[in-house]
Amino acid sequence: MSLVEIASLGYTYPGGAAPALADVTLSIDPGEFVVLAGLSGSGKSTLLRAISGLVPHFHGGSFAGNVLVAGRDSREHGPGELAVVVGSLFQDPETQVVLGTPRAELAFAAENRGWPAAAVARAVEETALALAIEGLLDRPVAELSGGELQRVALGATLSARPALVCLDEPTSQLDPVAGDELIGLLRRLNEDGDTAVLLAEHRLERCLPAADRVLALDGGRLVFDGPPTRFLQWASRAAPALVPPGAKLLSELGLQPVPGVKAARAALRGARLAPAPDAPAPHEGSVLRPGHAKRFPRRGQDGAALQLKGVWHEIKDGPAILRGVDLAVAPGELVALMGRNGAGKSTLLRHAAGLMEPTRGRVEAFGRVALLLQNPTDYLVHETVAQEAAPAALGAVGLAHLGARHPRDLSGGEKQRLALAVVLGDPAATAAPSVLCLDEPTRGMDRAAKDALVALLHGLGIAVIVATHDPEFAAAFARRVVLLADGGVIADGSTGAVLAGGTYFATETARILGGAGGALLPAEGVALLRSASGLEVSA
Amino acid sequence: MIYRRRASPLHAARAAVAIAWCAALGTAALIESNPVVLGALALAVIGAATLAGVGQELRRSLRWSLPLLLSIALIEALVSRDGVTVIWRLGDLPMVGSTNITLEATVYGAVLGLRAVVLVLIGTLYSVAVDPDEVLRLFRRLSFSSALSATIATRMVPVLVRDSRRLAEAQRCRPGPPPGRAQLLRATTAGVLDRALDIAATLEVRGYGAPRGRPQSHRVPWSRHDLTFLGSAIALLGVSVAGRVAGWAPFTAFPLLRAPAGARTSTVAAVLLLAALAPFLSRRGVAR
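Residue numbers (the numbering used here), protein chains in the order written: chain A, 1 to 539; chain B, 1 to 288.
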């Protein structure tokens, strides 16, 4: 018997103009690892919420069809009752940890089921060990990092041993290391504990290798249901925006796309395709060691738009977040700032924009520095889009036609662009910024929205610094990458030189090709392999 | 100012006992009026906080509450018409009329202020040294939803503070004139409601709305710290009640000030101080 059976499911949110789900029919078996793919607004979150019972019990709206979870009809059983079978994890870990310590949080779901105290204690111990959070159990949740908090939230979801766990973009707030660890944990729990997993995720390259099956949604309809390899073949034809870079590389070389770096390398070896032996290794590029920033133009010499000179940010009774950072950005330069959580990226951007004062060193900006922080909603305080920004600024970000809409009704990508219009300012009333800084602008964005953002930033014609965890976005957007660790610059050079030479801070194409030739994007990889083989391989 | 598990005897005691100990200190502060005894209780709380590793939090609280002491003393001195020892004749003041500051009213105001400060310090000690999740478990038999609401409110304070800081930072990034207060208030309210909705959804999917049986408590053996703090609480309560009933540490403000600091008063103060600090002598098994 299937764990979840959905028949002709249709759903429209209260006041919604169009259905969020339409005629969805599918089933999920015990122990399956299913990835849910689709662009933003395709209905992924709504489907997860329908399985957990939040739709329709929590959100209201118009509901048609049937959702059976372990034989229980979601019309008759609310989310509290379905929680016996389904555990749910959403995007934002802050609001998914409701108690003061991880120990209490892990116990909460089991206690709600009325388990005996000894069983609750055992569930807490076993879940903590499985997720390697036993050292966090008695720490206040207010002191946990985003990655730790998401692990605790996952533990709280799993501690009562649900047969199915539904996850809605759980890695969108995490750095690549924490994101990969979370996917690895899910795979292990799926294999060891026979827990079925339903995972909605934009970065498919991260989770397809672990999946047994992929479901794709488009406009609320189920448009694909099959194994990952067949999904990649289908998506290459029907939904290119969903194709991960590695699969795109293979399909453009005329090979069968396969999920994962290891399988892609094997496919290339099988086709006798390899980079030329004389292709330059990434470390032969122009990666600079820390302290070489003085080689970049200075203000007053060749007119840097922004210069940080020996900037320290030291917290009283706390750590130093920035340690003598030297950085100069030329007018019009496109820079990606990378590094794990806590490396100092956001702090550096705040210093650049004058929100913080260095405890040592100085920041010199030639012109206004605009800063767009992580959460675009924080910028939106008016009733209509037109009140938020001037018509010219709205036109620059492509939102002139949405002037009458309420900012909260916009999609995630549109909110990002509106907030960008806010910080760019009215060209008639304010000086145009010479530098634009963006902090993690692609969190939760699908590939199409990221491509649109890249095009928008390229068209601004000013220096842009983007702090990001997303190497694919950095490769598409930037001409220079600065890698931070522990508050200092550990690498600074051309995008190809920095992003082709690593593992976590490398694109999928670079990892497949071992960094050869500094190729970062599928098209560059295809060109490299074609020139090396001397063959014309049909796309 | 949040709870953090530390390696101290007070943190190692179970929540029920820690609450009883804080309540005993609070009761002593409420029923004793002698300034020497209240001073001893203030010392006891500060000493306990230092020995529990939360002295810094208490010092911060003390800095904020000292103006409270001064305000209460000042207001009492200005508005009280009792007392016979005039120390300052202010004459006729507008709205207030003839005003004389008396020694009795000033001292009485200072005693009331000292009591308020002691109670604030006890509250601070409670909030940084007693595990709120354990308190939730303790009270959920009476009213699960009320206890959970209190815990979530505590948990959300730092989250909402961070939200408001983020909002303020974002507004500093806007070029041109800043938005009006009403707009900011609306945005803040919308953010808080969003958070509330997300938390409600989380509670639902964790099975909060499901019919549940009577929650079962986990039997934990009584530790040495449970026993010593319980003994301390009983001693604090017993000595302060007995002292009040027997009049061992009397204090009268009006009409004439009478606050003897003799042997009996000093003994009561010393016993309360020692009873409060004695449980901190043993530090075995305090870490988790």
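Please note that a few of the clues may not be correct.
[What the hints assert, rightly or not] No more than 25 Å apart at the CA atoms, straight line, and that leaves these computed lysine to any residue pairs for SDA-like: (1) A:309 / B:172; (2) A:415 / B:184; (3) A:316 / B:174; (4) A:316 / B:184; (5) A:415 / B:63; (6) A:415 / B:191; (7) A:309 / B:191; (8) A:415 / B:174.
Hints were generated in silico from the structure; no laboratory data involved.
Only a predicted model underlies this, so the values are computations on that prediction, with no experimental measurement involved.
The hints, checked one at a time:
1. A:309 / B:172: holds (24 Å)
2. A:415 / B:184: Holds - the C-alpha atoms of residue 184 of chain B and residue 415 of chain A are around 17 Å apart, at most 25 Å.
3. A:316 / B:174: With a Cα-Cα distance of about 29 Å, the restraint between residue 316 of chain A and residue 174 of chain B is violated, given a limit of 25 Å.
4. A:316 / B:184: violated (30 Å)
5. A:415 / B:63: Status violated; Cα separation ~43 Å.
6. A:415 / B:191: holds (15 Å)
7. A:309 / B:191: Violated. Residue 309 of chain A to residue 191 of chain B sits at ~37 Å, over the 25 Å cutoff.
8. A:415 / B:174: Given pair residue 415 of chain A, residue 174 of chain B holds - Cα atoms ~15 Å apart, limit 25 Å.
In this structure, the earlier hints numbered 3, 4, 5, 7 are contradicted, and the remaining ones agree with it.
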